[in-house]
Amino acid sequence: ILNVEQSPQSLHVQEGDSTNFTCSFPSSNFYALHWYRWETAKSPEALFVMTLNGDEKKKGRISATLNTKEGYSYLYIKGSQPEDSATYLCAPYSGGSNYKLTFGKGTLLTVNP
Amino acid sequence: DTGVSQDPRHKITKRGQNVTFRCDPISEHNRLYWYRQTLGQGPEFLTYFQNEAQLEKSRLLSDRFSAERPKGSFSTLEIQRTEQGDSAMYLCASSLKGIWTEAFFGQGTRLTVV
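If you read the sequences in order, they're chains G and Y. Note that the first sequence covers residues 847 to 959 in the numbering used here. Note that the second sequence covers residues 899 to 1012 in the numbering used here.
Rather than coming from a laboratory, the hints here were simulated on the basis of the structure. Note that the coordinates shown come from a computational prediction; the quantities given were computed from them, not determined experimentally. The reader is advised that the hints may include incorrect statements.
[Said to hold, decoys possible] Simulated restraints, written as ranges between beta carbons of each label pair: (1) G:902 / Y:957: 33 to 41 Å; (2) Y:970 / G:862: 47 to 55 Å; (3) Y:981 / G:958: 36 to 44 Å; (4) Y:916 / G:862: 16 to 24 Å; (5) Y:914 / G:907: 44 to 52 Å; (6) G:858 / Y:937: 17 to 25 Å; (7) G:885 / Y:928: 38 to 46 Å.
Yeah, the Cβ is synthetic: ideal placement off N, Cα and C, and Gly gets one too.
The following block holds chain Y by itself, in its conformation from the complex (with noise of 0.2 Å):
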């Protein structure tokens, strides 16, 4: 296993278009986790699932954005009818269940909304 990827690196889109990323986690985490990161901030929480459930979804988060990991492997982020103030760094991670186990994140998917 090499880790955490994502795919694509990079997306451009053209507002008002749906974009779909995918993560493929560490194969025997049962964790995985969603952030956004733009300029000068730290990586915002999305979303997280544990094993296939999806345990929470931040508040932030409009209805526009969805996620899923169906039989609990690897999980896409969808956003619908995109917009300027999406474009942004979205990172994935994946970890076992445990609050002393490390986290392992992909290289990011890298949305621009033009």
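So here's chain G without its partners, still in its complex pose (with noise of 0.2 Å):
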């Protein structure tokens, strides 16, 4: 069973303040590292897609990085906004030939107006 640990499990924030998270996974047989973002009563949506040591993506004001030597990816939300209340999962790619994606617990974000 893949070891993935996300922190903190739950975070509450002001409207407008960052906020950053963080990932961690065995360093080993990596293959790619998978973020997801889960509002309540919707389905969980993919936010970015990292294969490389040293990647960093961005969509708007969220972006990641990832660290694949030392197994552990980086989430950072810039001036948050209530909209960005949500669960945030990480699913590392692993398992060898028959890879498939499992997810840490997730962070959940409140963010206050």
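Dock chain to chain to rebuild the complex, using the hints, since each chain is given by itself in its own frame.
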């Protein structure tokens, strides 16, 4: 079973604050890392797919970095808005030739107006 | 194609009954995943298919759970002799094969076992 750790488990911030979360994963047999956002009453949606060490992806106010050698990824949100409230999930691709998505428990972000 | 669809959206069943859920993936997607999510947890991997072949089933999954994907199109997940601990959200996702391809999720089936 792949050990994927996300921290913090939950986070409350004020509108306008910037914040970041961490996803830790085993650095061996690494193929790729996915970040997903899961809003209440909706389906999880992909934010980023990252494969290379040092990768940095950006979508609007959200960005992510990847360190495959030490086994972690950071997700940053600049100037949080109430609509950013969601659970943020990371999923490393693992499993050798039969690779599959294995999710962490997620970070629940609540942005207060 | 409107995305991944799951049916039913909600299911309430009595303990000991069998239930079956259906997932219709995006038509050109050859990978299909089933996950289970309980309160405070991320999606827990149950099983996945590459076309019609079931490639892996979670070791945490009891023999009461079975999944099929005949002809590599829709998939069904059956739970036999349901228990209260089976109450959860069951999510289906599909993707193209490849580590760089994102998965698309259905809206899930919420199972409540009473």
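I'd like to know which numbered hints this structure contradicts. Please list them from smallest to largest. Checked against the structure, the hints that fail are numbers 4, 7, while the rest are satisfied.
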